[in-house]
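Asker: Residues per chain, in single letters:
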Amino acid sequence: MSSTKDFIVEQLKAQIADFKAGVKQETVGRVIEIGDGIARVEGISQVMMSEMLEFKTASGLIYGLALNLEEDRVGAIILGDYFGIKQGDEVRCLNKILEVPVGDGVIGRVVNPLGAAIDGKGEIQADKFYPVEKIAPGVISRESVRQPVQTGIKAIDAIIPIGRGQRELIIGDRQIGKSAIAIDAIINQKGQNMKCIYVAIGQKASKVAGLVAKLEESGALDYTTVVLAGASDPASLLYVAPYAGTAMAEYFLDKGQDVLIVYDDLSKHAVAYREISLLLRRPPGREAYPGDVFYLHSRLLERACKLNQKYGGGSITALPIIETQAGDMSAYIPTNVISITDGQIYLMPELFYQGNRPAVDAGLSVSRVGSSAQIKAMKKVAGKMKLEAAQFRELAAFAQFGSELDKDTKAKLERGKRLMEIFKQDQYSPVPVANQILIFFALVNGLVDDVPVERMSDFELGLYKYAAASGAKILKEIEEKKDLSEKLEAKIKELIRDFKNNLEYLIK
Amino acid sequence: MKNTTKQYALALYETLDGKPSGQVKTAIKKFVGILAGKNMLIKADEIVAEFVKVWHEKNGIIEAEAVSASGLDKANVKLLKKYIISLAGAKEILLNEKIDKNILGGVVIRYSDKVVDGSLRNSLEELRDKLIK
Chain A
0 MSSTKDFIVE QLKAQIADFK AGVKQETVGR VIEIGDGIAR VEGISQVMMS
50 EMLEFKTASG LIYGLALNLE EDRVGAIILG DYFGIKQGDE VRCLNKILEV
100 PVGDGVIGRV VNPLGAAIDG KGEIQADKFY PVEKIAPGVI SRESVRQPVQ
150 TGIKAIDAII PIGRGQRELI IGDRQIGKSA IAIDAIINQK GQNMKCIYVA
200 IGQKASKVAG LVAKLEESGA LDYTTVVLAG ASDPASLLYV APYAGTAMAE
250 YFLDKGQDVL IVYDDLSKHA VAYREISLLL RRPPGREAYP GDVFYLHSRL
300 LERACKLNQK YGGGSITALP IIETQAGDMS AYIPTNVISI TDGQIYLMPE
350 LFYQGNRPAV DAGLSVSRVG SSAQIKAMKK VAGKMKLEAA QFRELAAFAQ
400 FGSELDKDTK AKLERGKRLM EIFKQDQYSP VPVANQILIF FALVNGLVDD
450 VPVERMSDFE LGLYKYAAAS GAKILKEIEE KKDLSEKLEA KIKELIRDFK
500 NNLEYLIK
Chain B
0 MKNTTKQYAL ALYETLDGKP SGQVKTAIKK FVGILAGKNM LIKADEIVAE
50 FVKVWHEKNG IIEAEAVSAS GLDKANVKLL KKYIISLAGA KEILLNEKID
100 KNILGGVVIR YSDKVVDGSL RNSLEELRDK LIK
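Quick mapping for you: the protein sequence lines, in order, are chains A and B.
The first sequence maps to residues 0 to 507 in numbering that gives the first Met the number 0.
The second sequence maps to residues 0 to 132 in numbering that gives the first Met the number 0.
Among these hints, one or two may not hold up.
[To be verified] Pairs of lysine-lysine, BS3-like flavour, derived with a Cα cap of 30 Å: (1) B:K37 to B:K52; (2) A:K12 to B:K100; (3) A:K55 to B:K100; (4) A:K23 to B:K81; (5) B:K5 to B:K113; (6) B:K5 to A:K19; (7) A:K55 to B:K132; (8) A:K254 to A:K213; (9) B:K37 to A:K55; (10) A:K85 to B:K100; (11) B:K113 to A:K85; (12) A:K475 to A:K378.
Hints were generated in silico from the structure; no laboratory data involved.
Next comes chain A alone, as it looks inside the complex (with noise of 0.2 Å):
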């Protein structure tokens, strides 16, 4: 016992001898000016443009962020509780960017855009940190899309394909059912091989908190990192929030794995940037936002991308989601981000409130690079099917004028009708892709037509269970093969007609 106690004292006292009190020339600041969340420095004139700064208060360390470099002084973000700094406290610099946690260690927990765990599961055991702020995968570690994202989303996987790499803007109104669309797709990427990460910026924590539960529930928390950056949290933590969640996705993606990255929502990201950017005196612009506002969005948005194999081949997917103002696409924050992105899913209000959940637009909504990412199965039924719902759409505006139609263009509305029907989905029931091909194929080829259209959601939930029951074989020769040949083609047909025969409200 005494031994290992002096071999103790032993090691303390070469440790002791070793110490020698290094004595080095630093660069400290002062706080001249604090209040809003920003502080305004003298001194540390060496400090470098978004390098974390230190401000050493009464009460502890408090972190911040350089953001102006002005003649005689530095302003700064607090990322925090500012209400502890007082004006003449010490400021050093860090020499480093801002840092958050990554690596499997986040995956399936609750962080704040600082990489803190706030779910009360303990710390982040992390052992590698990411800068927030990196330069986008240049030119030539590219390539372009061709993996498919299944969101589970009949009406998108269909008409508007998001492939993996892709940046797929979600925009609408408030309540008509956007989280709703990114949640669904989080959710249908169990077994896809995919990480997901859901960035909260400036939501409510009540629907924070009902998302991790509904996340847990489904088994989507097993591969999804939620960053939250609550609507009571400072502006400054709501402008790092997004570009944090990215750091944890770039992780997966040196890794060559695919990560799913949701922006919940830019809108906010963009006023939280106006009120730091007016706060420090920055001029203000259209809408009162800053200038650089664009690069705020196209610098966070050109980390999404498709690495090549040479790269490890991995890719981050991104879902920013706009909230548009009745409808207002042309406000100032909408064109740009819809400008940066490959294309948007559009949610009418109009759509919502007639019962087509989810409100999907066919018409205004674009995918400009997802349909090179469908697997061909898909491509063959969806085709089709766009060229039905352009179609349709036509038609019933046509068809509102008078009652007197031709054979043909009565037999395309009652078509149009079931697609309809057939898009309508409820939330937090992703459909497999096989599933989907089955019922659009029902479509395209007439098999649904002596359907009643009141009886096109029985028909399509019975429908996938007899194929589960008996046509196994079949749904996973499309998950495999992921291509119709013509002996697949006769096999589905015959499936959907022995599933007829069995309905009574089908038998005359």
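Got chain A sorted already, so can you dock chain B onto it with the hints?
Answerer: Quick look at chain B alone, frame taken from chain A:
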């Protein structure tokens, strides 16, 4: 556009630099006249403070602060001044001495935005951090 206090101080320095003392008096009188004409006399104190800064900067003078636990003797002050001159590359040092028992021992030097912390307290803290690791 209004001129800043710094611009006034700089202008004053440039007019006075290298002039014999007789002309300095008239120059200052004229300068005050200009300030009165521009309604800037309220800012006179700030301009004087800026002028001191400009004067120090142009002549390589640095104001430094040395904090010690129990005061410094003359030999040490001389050594310190030499040390600061070598650190900052200045010609002359105006040293303010301060006494702070909290630093326990050694000396803390501050000049412009630099700090050289050679206090016993800091060394002890570093030792503690090292031992915790």
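Asker: Determine which of the earlier numbered hints do not hold for this structure and return their numbers in increasing order.
Answerer: 6 and 9
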